[in-house]
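> Residue numbers (the working numbering), protein chains in the order written: chain A, 7 to 201; chain P, 570 to 732.
What the hints contain is simulated information worked out from the structure, not anything from laboratory work.
Just so we're clear, the structure is a prediction, and the values are computed from it rather than from any experiment.
Where hints are given, some of them may not hold.
What the hints assert, rightly or not - Restraint-style ranges between C-beta atoms, simulated for each label pair:
#1 P:Ser626 <-> A:Asp159: 17 to 23 Å
#2 P:Ala683 <-> A:Glu138: 49 to 55 Å
#3 P:Asp680 <-> A:Trp187: 26 to 32 Å
#4 P:Glu731 <-> A:Pro114: 25 to 31 Å
#5 A:Asp93 <-> P:Ile707: 15 to 21 Å
#6 P:Asp712 <-> A:Glu138: 22 to 28 Å
#7 P:Glu706 <-> A:Glu30: 36 to 42 Å
#8 P:Glu731 <-> A:Thr154: 45 to 51 Å
#9 P:Pro635 <-> A:Glu138: 20 to 26 Å
#10 A:Pro182 <-> P:Gly720: 39 to 45 Å
#11 P:Pro635 <-> A:Arg55: 36 to 42 Å
#12 P:Pro682 <-> A:Trp187: 42 to 48 Å
#13 A:Val35 <-> P:Asp680: 36 to 42 Å
All C-beta atoms, glycine included, are put in the ideal place defined by N, C-alpha and C.
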Amino acid sequence: MKLLRPLLAVAVLLGACGPAIPDEPAGIVRDPAPEVGSVSLPDLDADGRAFPFVAGAGGVLVVYFGYTSCPDVCPTTLADLRRAMADMDEAESIAVAMATVDPDRDTPEVISGYLHSFFPEGHPLRTEDDAELRAAADAFGADYDVTTSEEGDVEVAHTGFLYAVDDQGQLALTWPFGTTWEDIQGDLRWLLHGG
Amino acid sequence: MKKMVVMLSALALFATACSTSGPISADDAWARESAMMQSAAAVYMDLTADEDDALVSASVESSVAPTVEIHETTEMGPDDEMSGDDDDMGEEGDMSGDGGMMQMVPVEQVDLPAGETVSLEPGGLHIMLLDLTEPLEIGDEFDVDLEFESGETLSVTVEVREG
Ligand SMILES: [Cu+2]
């Protein structure tokens, strides 16, 4: 029984060190890293002021291009990101922004409410100027297409990537759809701890 | 005759209650809780049929959603003409293998080869609920009625989870 206490101490110590930081990220590193810090989109949480794609000092900005009437890919990705950040001590150094690629249906209320139910502090980004949205998406290598079928159904196609931007405005990592939350968490640690 | 009907309905009840004993089983049926303002949701599950069959339709009570479709999320190849250009993807080229965008398409049926478990899962097949009547909240349960090519039907209880 006396043994238990030192064992516990070791366990606590191990816990304090946190889970291992991967040597190599699971996400895609593009070389050279695309520069995204010079583009911005209006932030609905800041009265529509331009939100540049740059993380806070020493932090990470995670960016997603999606739409709310997407029941499969978008909520899966956002829920995985939320899970990845849930038990990270470093979560406060991580900002999240989601730009809607479907501004016609995603009114300011809709995109804000949607993003905030995943991330209360998340930045909902929205513009009705397609050239502005396209320029932002292009900087990331994101793509989208919104069409209306003959039956009047709105159909949206979009790249399902999640992006991590560093405090220099460089696109540090790209996570393809289906990256596990554990990999996202490991990669976030890798980025925050000087990967 | 009456006795026969009673027996048959008893049998039907039994079959529903214990979905694994029927010719088709549905396991681990779930839907993610819906976010605020989210109008559509996806239902996932694992389907296994004893004999070759196919899922041909799904429905839910209108108190859950008025419209239900079977969908598949697919990655579009580079040949599918879409707007935008992928020229600035850098040395890696198209990062996903073909640079395709993801899109949901309705499917007529989901083939269920005998004895093979077919998963409806994120990024693949799903039963899509359109125009959700109410938000789906963690712990909620609702039934999805499935119809198969063979005429078989199955009522599956879906559990709403965090996902
Ligand atoms: Cu769908």
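> All the hints need checking, so say for each whether the structure fits it.
Here is how each hint holds up against the structure:
1. P:Ser626 <-> A:Asp159: 17 to 23 Å: holds, 18 Å
2. P:Ala683 <-> A:Glu138: 49 to 55 Å: Holds: the Cβ-Cβ distance is about 53 Å, inside 49 to 55 Å.
3. P:Asp680 <-> A:Trp187: 26 to 32 Å: For aspartate 680 of chain P and tryptophan 187 of chain A the Cβ distance comes to about 31 Å; the hint holds.
4. P:Glu731 <-> A:Pro114: 25 to 31 Å: holds, 26 Å
5. A:Asp93 <-> P:Ile707: 15 to 21 Å: holds, 18 Å
6. P:Asp712 <-> A:Glu138: 22 to 28 Å: Roughly 45 Å apart at Cβ, these two residues miss the hinted range, so it is violated.
7. P:Glu706 <-> A:Glu30: 36 to 42 Å: Given about 39 Å between the Cβ atoms, the range holds.
8. P:Glu731 <-> A:Thr154: 45 to 51 Å: Since the Cβ atoms of glutamate 731 of chain P and threonine 154 of chain A sit about 33 Å apart, the hinted range of 45 to 51 Å is violated.
9. P:Pro635 <-> A:Glu138: 20 to 26 Å: For glutamate 138 of chain A against proline 635 of chain P, whose Cβ atoms are near 36 Å apart, the range 20 to 26 Å is violated.
10. A:Pro182 <-> P:Gly720: 39 to 45 Å: At roughly 40 Å between Cβ atoms, glycine 720 of chain P and proline 182 of chain A fall inside 39 to 45 Å, so the hint holds.
11. P:Pro635 <-> A:Arg55: 36 to 42 Å: Holds, at about 39 Å.
12. P:Pro682 <-> A:Trp187: 42 to 48 Å: violated, 31 Å
13. A:Val35 <-> P:Asp680: 36 to 42 Å: Holds, since valine 35 of chain A and aspartate 680 of chain P (Cβ atoms, about 39 Å apart) stay within the stated range.
Hint violations for this structure: numbers 6, 8, 9 and 12, all remaining hints satisfied.
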